[in-house]
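Student: Hey, can you work out the whole structure from these sequences and the hints?
2 protein chains.
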Amino acid sequence: MPTSQAPTSQAPTSPPLLADDRIRARYWVETPFPLEAAVDVLAGEQSCGTFTRLPGETDELRQASGAVVERITRLDTCAQPSLPMRALPPHMGSTPVFQRAEIDVSWPIANLGPSLPNLHATVAGNLFELKEFSGLRLLDLQLPVAFAQAYQGPQFGIQGTRDLLGIQGRPLIGTIIKPSVGLSPQATAALVRQLVDAGIDFIKDDELQGNGSHNPLKARVDAVMPILRAHAERTGHQVMYAFNITDELDVMRANHDYVLAAGGNCIMVTVACVGLTGLAWLRRHSQLPIHGHRAGWGMLSRSPAVGMDFAAYQQFWRLAGVDHLHVNGLRNKFSEPDASVIRSAKRCVTPMFAAPAKGCEVMPVFSSGQTAEQVADTYRAVGSTDLIYCCGGGIMAHPGGVPGGVQSLREAWEAAVQGVDLESFAASHPALAQAIAAFRK
Amino acid sequence: MPTSQAPTSQAPTSPPLLADDRIRARYWVETPFPLEAAVDVLAGEQSCGTFTRLPGETDELRQASGAVVERITRLDTCAQPSLPMRALPPHMGSTPVFQRAEIDVSWPIANLGPSLPNLHATVAGNLFELKEFSGLRLLDLQLPVAFAQAYQGPQFGIQGTRDLLGIQGRPLIGTIIKPSVGLSPQATAALVRQLVDAGIDFIKDDELQGNGSHNPLKARVDAVMPILRAHAERTGHQVMYAFNITDELDVMRANHDYVLAAGGNCIMVTVACVGLTGLAWLRRHSQLPIHGHRAGWGMLSRSPAVGMDFAAYQQFWRLAGVDHLHVNGLRNKFSEPDASVIRSAKRCVTPMFAAPAKGCEVMPVFSSGQTAEQVADTYRAVGSTDLIYCCGGGIMAHPGGVPGGVQSLREAWEAAVQGVDLESFAASHPALAQAIAAFRK
Numbered sequence: 001m002p003t004s005q006a007p008t009s010q011a012p013t014s015p016p017l018l019a020d021d022r023i024r025a026r027y028w029v030e031t032p033f034p035l036e037a038a039v040d041v042l043a044g045e046q047s048c049g050t051f052t053r054l055p056g057e058t059d060e061l062r063q064a065s066g067a068v069v070e071r072i073t074r075l076d077t078c079a080q081p082s083l084p085m086r087a088l089p090p091h092m093g094s095t096p097v098f099q100r101a102e103i104d105v106s107w108p109i110a111n112l113g114p115s116l117p118n119l120h121a122t123v124a125g126n127l128f129e130l131k132e133f134s135g136l137r138l139l140d141l142q143l144p145v146a147f148a149q150a151y152q153g154p155q156f157g158i159q160g161t162r163d164l165l166g167i168q169g170r171p172l173i174g175t176i177i178k179p180s181v182g183l184s185p186q187a188t189a190a191l192v193r194q195l196v197d198a199g200i201d202f203i204k205d206d207e208l209q210g211n212g213s214h215n216p217l218k219a220r221v222d223a224v225m226p227i228l229r230a231h232a233e234r235t236g237h238q239v240m241y242a243f244n245i246t247d248e249l250d251v252m253r254a255n256h257d258y259v260l261a262a263g264g265n266c267i268m269v270t271v272a273c274v275g276l277t278g279l280a281w282l283r284r285h286s287q288l289p290i291h292g293h294r295a296g297w298g299m300l301s302r303s304p305a306v307g308m309d310f311a312a313y314q315q316f317w318r319l320a321g322v323d324h325l326h327v328n329g330l331r332n333k334f335s336e337p338d339a340s341v342i343r344s345a346k347r348c349v350t351p352m353f354a355a356p357a358k359g360c361e362v363m364p365v366f367s368s369g370q371t372a373e374q375v376a377d378t379y380r381a382v383g384s385t386d387l388i389y390c391c392g393g394g395i396m397a398h399p400g401g402v403p404g405g406v407q408s409l410r411e412a413w414e415a416a417v418q419g420v421d422l423e424s425f426a427a428s429h430p431a432l433a434q435a436i437a438a439f440r441k
Numbered sequence: 001m002p003t004s005q006a007p008t009s010q011a012p013t014s015p016p017l018l019a020d021d022r023i024r025a026r027y028w029v030e031t032p033f034p035l036e037a038a039v040d041v042l043a044g045e046q047s048c049g050t051f052t053r054l055p056g057e058t059d060e061l062r063q064a065s066g067a068v069v070e071r072i073t074r075l076d077t078c079a080q081p082s083l084p085m086r087a088l089p090p091h092m093g094s095t096p097v098f099q100r101a102e103i104d105v106s107w108p109i110a111n112l113g114p115s116l117p118n119l120h121a122t123v124a125g126n127l128f129e130l131k132e133f134s135g136l137r138l139l140d141l142q143l144p145v146a147f148a149q150a151y152q153g154p155q156f157g158i159q160g161t162r163d164l165l166g167i168q169g170r171p172l173i174g175t176i177i178k179p180s181v182g183l184s185p186q187a188t189a190a191l192v193r194q195l196v197d198a199g200i201d202f203i204k205d206d207e208l209q210g211n212g213s214h215n216p217l218k219a220r221v222d223a224v225m226p227i228l229r230a231h232a233e234r235t236g237h238q239v240m241y242a243f244n245i246t247d248e249l250d251v252m253r254a255n256h257d258y259v260l261a262a263g264g265n266c267i268m269v270t271v272a273c274v275g276l277t278g279l280a281w282l283r284r285h286s287q288l289p290i291h292g293h294r295a296g297w298g299m300l301s302r303s304p305a306v307g308m309d310f311a312a313y314q315q316f317w318r319l320a321g322v323d324h325l326h327v328n329g330l331r332n333k334f335s336e337p338d339a340s341v342i343r344s345a346k347r348c349v350t351p352m353f354a355a356p357a358k359g360c361e362v363m364p365v366f367s368s369g370q371t372a373e374q375v376a377d378t379y380r381a382v383g384s385t386d387l388i389y390c391c392g393g394g395i396m397a398h399p400g401g402v403p404g405g406v407q408s409l410r411e412a413w414e415a416a417v418q419g420v421d422l423e424s425f426a427a428s429h430p431a432l433a434q435a436i437a438a439f440r441k
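Chains S and H, in that order, are what the protein sequence lines are. For reference, each letter of the first sequence is one residue, going 1 to 441 in our numbering. For reference, each letter of the second sequence is one residue, going 1 to 441 in our numbering.
I should point out that these hints are in silico values taken from the structure, not numbers from a laboratory. Some hints could be false.
Since the list gives no way to pick one copy over another, a pair counts as held whenever it fits inside one copy or between any two copies.
Below are the SDA-like pairs computed for lysine to any residue, each with C-alpha atoms no more than 20 angstroms apart in a straight line [to be verified]:
hint	residue 1	residue 2
1	K131	S340
2	K218	A110
3	K131	E36
4	K131	A339
5	K441	H91
6	K131	Q80
7	K441	E423
8	K358	L18
9	K218	P114
All values derive from a computational prediction rather than experimental measurement.
Tutor: Structure representation (structure tokens):
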């Protein structure tokens, strides 16, 4: 299996990117051209250069505005290009060698200012198409603190989310309303009633359930919110419901306001579908936590030879203002390897900027084929309970029904945090025992 | 060279996607699992299904909301997965076979309504990560006419752009201000003066030149616009300047207004960096043509095994409201093959919807290593002069300077449109003759 070809960001031997007043990006590259020359093309193309040196490109201008290649570390070579190319270098014969490398490039922030859309064009713009490269992937970023000053970042983040629910020291146990799309508002509400009665902490719409005519957002809010309000009054416990308001800006604002007025406590947005400027705009208006779904992420991440690592991707959305961000889960139903899931989750809770600047930490959201079975491994790998742990079938398909499913997840996390073996804990916790029996493969 | 592995959308043998009230998408897929079952997973995952059939997923609900697999056409097979996978199917031995296919899938519009962000989540959301596929690429879309009614589309388009400049029957000859970034507003203006004196039709900022402190947008407008206004007064010819206002929404609005008040006639936006909702929002406000730059497109297009074809990509941005859209150029400095460039350009001028709905046609923008040398081939392949033809070095590095560069491009297009051989035409057109001598490889 070719999973080993995937570049891994932050290889242990790579130095950290310097935090100063320059924009710094790390790339994995592959080229059949002389490596240093190819990297120079990249730096030129993404700053002051073009394919021929022009009269206006003086030494002073290059000094002030040129991108700087800070480091080139050669990695392995290969005999076939990872991505199709227009042509090989003319000097190459029938046995070309494709050199791989990790490189660091930096830009003066004066080129663009602390602007996320322009940052995107600079570090993840036209360079992927350069004919010099048979592979090019953005691995990581380190941004100047001016970005932390220019952007609001998460409004609630980890602690703000916990405080809204009064839950400390354990993850939020969550689920996704399924079927993803097609349920009526009333059927959604009936499911919500089951879930809150079973002790769930967090519920979200599916990313496919937006504002379709079978289940318009406002009708869904009208149907669901009375159940959540009654539950809070009866038990004293708030349940968080992330209403998917993904849409055009005016619709999102109206629907945010509608959720807020109904006493709702979270909105969900598929971040790449809304886009950077739309999300930053929503953040400026929002009074609720923004649950960030990353649908479409596979387009950028699935090929190891192009696109970007989550280490870079998540920084855009954190600055723009999400409070939660999806990271997949261990042994998920998608193609992402477990090591990548864990790296992503750890990055979400790692500050982007050193104090006194805000760190923009967000709550990682685990989901996709999750049950009580992955809990211990998740906790061991992440080393934190600052996360939302979403299960669909892991709750719905539990032999004890929804209450058994929720209970089994609570128990699995208790066991993990206490450092008790899952089977030992299950001996005195029947819901957990049932989950093991049902879901162990 | 592995360029042949690239899927080509609209293979001649594939039937066109039906235009009706369903959302229709075409994909290229590759899977080691039984093909029909894998495709069913995709359809389920992107509509009402999940990995286990849930109580609420009734037959009625599936009938109303399920995605329908409309067609599966088997293509070739391969012995290695194009993308890394978590695991192979358990039944496979040591010689797995990866089946490739072209498939059409459709959704009822009631699932989401005519909403571009939710369309993105549906047709280009979580499916790329499905563990069943070792390759999955969105090739094309056919949208219900409800999208044409819900979105404004291009405000100026091809004819509106021509009318602003009074140019009919030939392409707009354009250039990009270089060095890309680092020039002062005054140096930019000096270059603009040279260009307009030479008879250029269209000038654009580089996508890296946004609103940095060395060349703030407003200072650039202040420096450039007096030259363009004086030129128009003196000659009666308007030159179009696409000011790159890519930024957060409030800044973009203020800068659009500033350009408009100064008598400017175009704004430029890097579409993927701004995002879908930001662009649609800008279109609602804008009184100027929106020049759409596609920086970042390589992330979605460069691997043939994932991402999307331009045939699908451009539909999002046309509906959201760009008037011009970049398509690269023949024999460009990037990795895109010529056939792909031509396919893209042709799609830009092909209506998205049948009359009486608006077609949302936009002007394709050719650029990247273009000179007089590619003109005849471009015209022959596209069969139209409805395009913007941008050259950097092809103008600046012409032996006759900027005037010679611009003149040579006008002449090359005259020759092409008249069907005269370039060399014969050059015999009586010295600027063209100089271009051939300088740029022929």
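Student: May I ask which of the numbered hints given earlier this structure violates, with the numbers listed in increasing order?
Tutor: Every hint satisfied by this model.
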